[in-house]
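So the sequence lines, in the order shown, correspond to chains Z and A.
Taking this note's numbering, the leading residue of the first sequence gets 1, the next gets one more, and so forth.
Taking this note's numbering, the leading residue of the second sequence gets 208, the next gets one more, and so forth.
These are computed hints drawn from the structure, not numbers from a lab.
Careful, some of the hints might be misleading.
Said to hold, decoys possible - Coverage of chain Z stretches by chain A, computed from C-beta distances (three or more under 8 Å per stretch; other residues unrestricted): (1) 13-24; (2) 73-84.
As the list claims (entries may be wrong) - Here are the simulated lysine-lysine pairs, DSBU-like style, with alpha carbons at most 30 Å apart: (3) Lys280/A / Lys86/Z; (4) Lys66/Z / Lys280/A; (5) Lys140/Z / Lys280/A; (6) Lys68/Z / Lys304/A; (7) Lys68/Z / Lys280/A; (8) Lys281/A / Lys78/Z; (9) Lys275/A / Lys68/Z; (10) Lys140/Z / Lys304/A.
Even for Gly, the Cβ is constructed at its ideal location relative to N, Cα and C.
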Amino acid sequence: MEKSMNEVDLKKIEQKAYRESMQDGLTEIFLGILLVGMGAYFAVKLTVVFIVLFALFAPRFLEKLKRKYTYPRIGYAKLHEDPPRKTARGIFSYMLLVIVVMVVALFIIFGDISADLWYRWSPTLMGAMLTGGLIYLADKSADPRYYGIAVFGLVAGGVLSVYRFESTWTGITVYLLFMGSCFFGLGLIRFVHFLYEYPVQEEITDE
Amino acid sequence: MSEDGDFEPIADINRLIHEPARLMILAHLYVVESADFLFLMRQTGLTGGNLSSHMSKLEEAGYIKVDKEFVGKKPHTMLSLTSEGRTAFREYVQNMKQVLNGLSET
Chain Z
1 MEKSMNEVDL
11 KKIEQKAYRE
21 SMQDGLTEIF
31 LGILLVGMGA
41 YFAVKLTVVF
51 IVLFALFAPR
61 FLEKLKRKYT
71 YPRIGYAKLH
81 EDPPRKTARG
91 IFSYMLLVIV
101 VMVVALFIIF
111 GDISADLWYR
121 WSPTLMGAML
131 TGGLIYLADK
141 SADPRYYGIA
151 VFGLVAGGVL
161 SVYRFESTWT
171 GITVYLLFMG
181 SCFFGLGLIR
191 FVHFLYEYPV
201 QEEITDE
Chain A
208 MSEDGDFEPI
218 ADINRLIHEP
228 ARLMILAHLY
238 VVESADFLFL
248 MRQTGLTGGN
258 LSSHMSKLEE
268 AGYIKVDKEF
278 VGKKPHTMLS
288 LTSEGRTAFR
298 EYVQNMKQVL
308 NGLSET
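Isolated chain Z, as found in the complex (with noise of 0.2 Å):
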């Protein structure tokens, strides 16, 4: 569909105002912290009910440390959500896809699909699903550093699953446990740069 100037600049500053409300970092401070839940799951099992915990307050407690630290320096603006329903369905198309194109390579390329292959790749596969994750937030922020992220994201997720460790979960514990590393410390690097960039504005008044 051709689109017109107009839509052309209103997608981006859409895109811009998403920009701006994600130049914090506190998304990847908590993504970071949820993947090395999850990779220290595989050696102390209790963290599962950290990762549920999380999972469950982590929105709130994200929009506590917004209205403490990010729109009293750059406001805050209430974004348009996609429907949940249309979300829930994206979300599962994807997982669905990712896994259909890797029991197919991985079958064509070993010619069977045993539980040990499918455990050796799973970095991979969970990089497949970052990347989509990624993907998605790099199309609603014009942001191509999320593809860079991406594509190191499946990059690594490949290197971990060619490389053959002893355990079987060792391969998915040290991606997530790296991955979520280095989510928290961009993250991190990001919200202190934020913090420095971006001073309280007390003085701005309406009247």
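Assemble the complex: chain Z is given as a structure, and chain A must be docked to it using the hints.
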């Protein structure tokens, strides 16, 4: 101007929206559900006084809804586009397209 030299699309342009600052405010509010005063100031590059004055005109026209509240002891202003404002903005965009298309054909 349309093909038959009709000036009607130009006459139909909403002058309240046509002002650049107000057009920016409406465009930014069009792509979000709501935004606060600080966010709009940063996005549009307007000063507080300028934004406030244009905000009042748009509110008087019924194009935007302004909600004032207190967060702690500080005043906080949230702005959102009304359905009337959304329609007016869309119509403005349509009219401008017609005008610009007409100009490019000459």
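For this structure, which hints from the list above don't hold up? Hints 3, 5, 6 not satisfied by this model.
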